[in-house]
Amino acid sequence: MFIRALTLAAALALSPALPLLAVQPDEILSDPALEARARAISRELRCPVCQGEAIDDSNAPVSRDLRLLVRERLLEGDSDEEVLDFIVARYGEFVLFNPRPEGANLLLWAAGPILLLLGGGLAFAYTRRRADAVAAGEAALTPEEEARLKDLV
Amino acid sequence: MIVELGHFALLLALCVALVQTIVPLWGAHTRNAALMAVAEPAAVIQFVLVAASFAALTYAFVVSDFSLLLVVQNSHTLKPMLYKISGVWGNHEGSLLLWVLILALFGACAAWFGNNLPPSLRARVIAVQGSIGVAFMLFMIFTSNPFLRLEIPPLDGQDLNPLLQDPGLAFHPPFLYLGYVGLSMAFSFAVAALIEGRVDAAWGRWVRPWTLAAWVFLTIGIGLGSWWAYYELGWGGFWFWDPVENASFMPWLLSAALLHSAIVVEKRESLKAWTILLAIMAFGFSLIGTFIVRSGVITSVHSFANDPDRGVFILMILGFFTGGALMLFAARAGTMEAKGVFAMVSRESALVANNLLLSVSAFVVFIGTIWPLIAEMFFDRKLSVGEPFFNAAFSPFVVGLAVLLPLGAMMPWKRGDVGRVLRGLMPALVFSVAVGLLVWAMQTERTTLGPIGVMLGLWVLLGALWDLWARTGRGALAGRFARLGRLPRADWGKATAHAGLGVTIFAVSAMLSWKTEDIRVVPEGGSYALGPYEVTLAKVEDVQGPNYYSTMATMEVRRDGALVTTLFPEKRVYPVQAMPTTEAAIDYGFWRDVYLVIGDRQVNGGWAVRSYIEPFANWLWAGILIMSFGGLLSLTDRRYRVAAGAARRASQAAVPAE
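As they're listed, the protein sequences go chains X and H. One point on numbering: in our numbering, the residue at position 104 of the first sequence is 104, and numbering is uninterrupted. One point on numbering: in our numbering, the residue at position 101 of the second sequence is 101, and numbering is uninterrupted.
You may find that some hints are simply not true.
Straight-line Cα separation of at most 25 Å, BS3-like style, residue types lysine-lysine; simulated pairs [what the hints assert, rightly or not]: (1) H/Lys339 with H/Lys414; (2) X/Lys150 with H/Lys267; (3) H/Lys339 with H/Lys267; (4) X/Lys150 with H/Lys539; (5) H/Lys267 with H/Lys414.
Note that these hints are calculated values from the structure, not bench results. What you are looking at is a predicted structure, and each value in this text was computed from that prediction instead of being measured.
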């Protein structure tokens, strides 16, 4: 976050005479349901010229354009998916914070689950080996010992 | 003159670090006690020299010596003294010197507190630590020297970035570095043990305090950064899944895994190879973090350092240390057979599950962070990976961890019984689920995250408390309370840290789910409703600070007509850097923060105002602090304080008895 500040500063320094607020009061739609959808979509859109900021948090003019565009499309009656398609068609998939699970990106989405399965398998095999070592290495308790143990515990 | 002495001290420290690396290693190899003994004074001298160098740089900042390039670029005479000092590490070169200082400090600590280690292991640990110092000092001297002079000094400096002129941020980097660099000790211990060819219970006991300390510092450092982002950036967010944040989060996850697996090595002499690997990876990820922050490869327009030479140098350091350590690991892994045996259901297997979840989640963060790079290099696609991906891909691991934690924490060593543990925890489970359902039914927003967060947080918290209580055994209440006070600090630390995690999980989900936002234009003197409050924009005036101009609003927050608080949100402009910042005004409260931000004057009169109610924000910082405090408690446990020889014998005697 320390570095984030620096990058933010760099982004800000590029356009010195900028407004300080991200989402402006005049952008907000009067229909709260529609505005809520616009917000949800905005969180998935990256400001194309900043350092990994969502367009909602960004002060860059292009982000304002994008925010207005999102709302325009929503007012036209587009679905959330259509709005995203519309913007990706114009600005490229770079603006999507949530990479679409298609093509090579499948690898990104599957990497975690695959590794979890692999690691889980290895961990299971390891634990299993350790458990078998119990059987081999230690003589099991006799029934009397078991009963005594129950008493003690 | 003092600056030259500092520069010279740094060069001398490099020479000492070289001696510290080579002589003790050779001594340990040839069993020469005199050569091995060089390690300690060398480590201490290296620390003293780097400290002198750091002091010289600090002096240059304090007296505003503008013949020094770094001071010109990052300081200004009008800047308050605190920020003159924090400006030392508010830049690439100075922060690197801080990094090396902490590295040398840990090396010196190994010399001061390492009396209980076998001499050859101690010599090797200090030597490996010294070699990391050599690499970073070479890096600093060749690519990022903080002591460069200017031929013609300017009259005044260019000031520190205003966003960094903040008390929270003044202390954020030192803590973060104590954490990052603290992991170098775990690494040095791992490599030294691999060279020795011996990893036993005692090794687990020695390496754990260092990991624990690093983890505590990292937790506080990340917490401070998160808090700073919350109040400074002006929209109440506390975590952005930014590559630089991820760079600190990955080592945190891995060190959390490491300090759990080291317990298994210490108590049960199992998981040895894995623990060594984890120690190497944890520091490896610290180095990867350094690379991400300083090379500018991932976020391409990074201003901290976008010098490709630096990136290549760090990549070489990364390759040398992790690559070398992994090769050593491959050669020696076979010698580290496990001794302890345990059943499928046991504390050991629960800790294996903990390690699996923590390390895979660190990997998910890693792949998400570098995916834009991979996609561009191999698939020619320019894309971004941000919050929505991480929320979706990372959260399941948190859920898994939280569900398993109370069960695993109470599972007996060697062989356990899920039913038995669950029976004890049943009241906690029922209560958490009931409260979660109640919250789900009561909330007006239909989010699932909030109730799930309440349920999991409560489950982890109550589980931790029950764990502690159950350790007092049976019998009369008075006796149990008396025993509670006598429980080892490690037990208290474990319960405290786990409880802190529960509070953190709850607070994060509450803040994400139940935040209230309001953005509008308000005329001076106008009022508006914000949740249960009525906010009045009383006046807006211009104020001058020491090195900035401010537009300050006076805003009154009332509830049912009674004044709750008066807040003064500001909008500042720092003329030297021509940069505006927002200073949100926050009324911190137990249940919620009222968070106000003043924006621009509107053309048709009035001011743009953003207001938020952030529920349970203080719980997040409290949760993080409780976690760190738990780590500290555990660090002060008796078994880390008693002499090693005795401890070793005790541990070997204690294991069969358990």
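Hints, verified against the model:
1. H/Lys339 with H/Lys414: holds, 12 Å
2. X/Lys150 with H/Lys267: holds, 24 Å
3. H/Lys339 with H/Lys267: holds, 11 Å
4. X/Lys150 with H/Lys539: Violated. X/Lys150 to H/Lys539 sits at ~75 Å, over the 25 Å cutoff.
5. H/Lys267 with H/Lys414: holds, 11 Å
The structure does not agree with numbered hint 4 stated previously, though it agrees with all others.
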